[in-house]
Structures are given as structure tokens and as C-alpha cells.
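Protein chains in written order, with the numbering used here: chain P, 1 to 111; chain X, 1001 to 1112.
Derived from the structure by calculation, the hints contain no laboratory data.
Keep in mind that a hint or two might mislead.
In silico negatives: residues of chain P with every beta carbon more than 10 angstroms from chain X [as the list claims (entries may be wrong)]: (1) GLN14; (2) THR27; (3) LEU61; (4) ASP66; (5) LYS69; (6) ALA78; (7) ALA81; (8) THR84; (9) GLN108; (10) VAL109.
Sample of chain P residues at the chain X side, in silico, Cβ under 10 angstroms [stated by the list, open to error]: (11) GLY40; (12) LEU43; (13) LEU48; (14) PHE88; (15) ALA90; (16) ALA98; (17) LEU99; (18) PHE101; (19) ARG106.
Here are some chain X residues the structure puts well away from chain P; computed CB gaps all over 10 angstroms [claimed, not checked]: (20) PRO1008; (21) ARG1015; (22) SER1024; (23) PRO1061; (24) LEU1067; (25) ASP1084.
Cβ atoms here follow ideal geometry from the backbone N, Cα and C, with glycine treated the same way.
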Amino acid sequence: SQQGEEDPQALSIQEGENATMNCSYKTSINNLQWYRQNSGRGLVHLILIRSNEREKHSGRLRVTLDTSKKSSSLLITASRAADTASYFCATADTGRRALTFGSGTRLQVQP
Amino acid sequence: ETGVTQSPTHLIKTRGQQVTLRCSSQSGHNTVSWYQQALGQGPQFIFQYYREEENGRGNFPPRFSGLQFPNYSSELNVNALELDDSALYLCASSLLRDNEQFFGPGTRLTVL
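Can you build the whole structure from these sequences, using the hints too?
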């Protein structure tokens, strides 16, 4: 079963615009991670934020985490056509050994 | 540093057959996890191996089984294939303490 949901399910923007994706989850977590997947291939790790962190940056990526609301957001600034992909959040629950993924946001960046 | 590799890339089987998928971990990683990803869905955890022992299992029946070898490579075996087993199977390696997982490109299994 999926841990939570990404919102929106699909997003289409123009190159240069910012893209924001949200993720909600259900249980207590150790950390939350964001992954990118191109065309049904392997997932690429983007960023990990621990439960005691509120915000983290990596290049054009900004992730926030609100454990009281059990939610996270991923912001991609100044998007590029190459950012077109599916984006998944995944949680590492306390006491579990594996990641639990959401259903993903499909991002389309129009050149 | 060698990344995670999986073989084969694609596979077509018929219902009732058995399949073995293979994964080589990233250099230095001692933990391998397997995930099943149906079309349009997020990956779902099958099981994890740490130092050749199963270290956690998701909600999959016993006909899904695995192995991890001393060099930390791994196999996923599925017996009595069903049509719903058609999916992308992803292998990920990690250090157990870290949980950041590095994924292979996946094996696309089609069951006819």
C-alpha cells in the first residue's frame, strides 16, 4: 500500500517557471526522500530531509518538511525541459527497513 | 564507483512460469532492497537483504523470494507467475544505517 499521496498528480509548466509538488504521509518517519524517474526507468535520489529538519536546499531544489502536518513539498526553481519526469516522495518510517513511496507527480516542462 | 546494475532489461514470460532477476549492488553497499512498480504507480517494497539475510518484507506472497550473495549481489525469484506480476522490478542498494537508496535501471517483466 502507498504511504501517502503526491499532489498534484500531473503538472505542466513552461521552462523557467517554478514547479511545486506536495507530499503527504501517514506515519512517524525518520526521514523523507525525493526521487526522480525518467520514462519508467530507475529512480534517481534527489534529496533527503531528516525528521528534525524543516528545510533543505540542493542546487535548484528546495524541500520543506512539516512533521506536525505530515507533509513535505519539493520546489524546483527555474525549471528546464530536462526536468520533465515523475517525482516521488518516499518515507523511511521508524521501525521499518524500507522506503514507502507515494504515487508520484508527473511533471512536464514545455520548452 | 560502480552503480547498481540489473539484468535482464526486459523479460517476457507466460503465466505459471518462474523467473529470476539479478542485481549487482553499488560498490561498498551491504543492503539490497527490491521493489515492484506497476504502471502509473509508485514502487512497492518487496523485501530487503542485509548480509545475506532477509531484513524485512512487504506485503508480497511467498512465491516472491530472494537471495543475497557474499559479494552483496542479489536475486529476486518469482514462482507461478500471474498476469498481475507484470511490472518494473527495481533493485536498490544502500548502507543499512543510511537509508538513502541507489536504484538500478530496473527489469521490465511482462507476463502473458
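The hints, checked one at a time:
1. Listed as outside the interface, GLN14 of chain P is consistent with that label: its C-beta sits roughly 25 angstroms from the nearest C-beta of chain X, beyond the 10 angstroms cut-off.
2. No beta-carbon of chain X comes within 10 angstroms of the beta-carbon of THR27 of chain P; the shortest separation is about 14 angstroms.
3. The Cβ of LEU61 of chain P sits about 15 angstroms from the closest Cβ of chain X, beyond the 10 angstroms cut-off, so the non-interface label holds.
4. Chain X leaves ASP66 of chain P outside its interface by the beta-carbon criterion, the shortest separation being 20 angstroms against a cut-off of 10 angstroms.
5. The beta carbon of LYS69 of chain P is kept farther than 10 angstroms from every beta carbon of chain X, the shortest such distance being approximately 21 angstroms.
6. For ALA78 of chain P, the shortest C-beta to C-beta distance to chain X comes to about 25 angstroms, beyond the 10 angstroms cut-off, and the non-interface label holds.
7. For ALA81 of chain P, the condition that its CB be more than 10 angstroms from all CB atoms of chain X holds, with the nearest at approximately 22 angstroms.
8. Separation of THR84 of chain P from chain X is adequate, the least Cβ-Cβ distance of about 16 angstroms exceeding the 10 angstroms criterion.
9. Non-interface status of GLN108 of chain P relative to chain X is upheld: no Cβ of that chain comes within 10 angstroms, the nearest being about 15 angstroms off.
10. At roughly 20 angstroms, the least C-beta separation between VAL109 of chain P and chain X is larger than 10 angstroms, which holds for a residue marked as non-interface.
11. The closest approach between the C-beta of GLY40 of chain P and any C-beta of chain X is roughly 6 angstroms, which is under the 10 angstroms cut-off, so the hint is satisfied.
12. For LEU43 of chain P, the interface hint holds, the least distance from its beta-carbon to any beta-carbon of chain X being 4 angstroms, beneath 10 angstroms.
13. The beta carbon of LEU48 of chain P comes within 5 angstroms of a beta carbon in chain X, closer than 10 angstroms, and the hint placing it at the interface holds.
14. Contact between PHE88 of chain P and chain X, as hinted, is supported at the beta carbon level, the nearest pair being about 5 angstroms apart and thus within 10 angstroms.
15. The beta carbon of ALA90 of chain P is positioned within 10 angstroms of a beta carbon in chain X (closest approach about 8 angstroms), and the interface hint is therefore held.
16. Hint status for ALA98 of chain P: holds, given a least beta-carbon distance of 4 angstroms to chain X, under 10 angstroms.
17. Satisfaction of the interface hint for LEU99 of chain P is found here, the shortest Cβ-Cβ separation to chain X being roughly 6 angstroms, below the 10 angstroms cut-off.
18. Hint on PHE101 of chain P holds. Least Cβ distance to chain X is approximately 3 angstroms, under the 10 angstroms limit.
19. With a least beta-carbon distance of about 9 angstroms to chain X, the hint placing ARG106 of chain P at the interface is held under the 10 angstroms criterion.
20. Look at PRO1008 of chain X: its CB is around 14 angstroms from the nearest CB on chain P, clear of 10 angstroms, so calling it non-interface holds up.
21. For ARG1015 of chain X, the requirement that its beta carbon stay farther than 10 angstroms from each beta carbon of chain P is met, with the minimum near 23 angstroms.
22. Every CB of chain P is more than 10 angstroms from the CB of SER1024 of chain X (nearest about 13 angstroms), matching its label as outside the interface.
23. Against the 10 angstroms criterion, PRO1061 of chain X stays outside the reach of chain P, whose nearest CB is about 15 angstroms from its own CB.
24. With a least beta-carbon separation of about 17 angstroms from chain P, LEU1067 of chain X lies farther than 10 angstroms from that chain, consistent with its non-interface assignment.
25. The non-interface label for ASP1084 of chain X is consistent with chain P: the shortest C-beta to C-beta separation is roughly 15 angstroms, beyond 10 angstroms.
Checked against the numbered hints listed earlier, the structure breaks none of them; every hint is satisfied.
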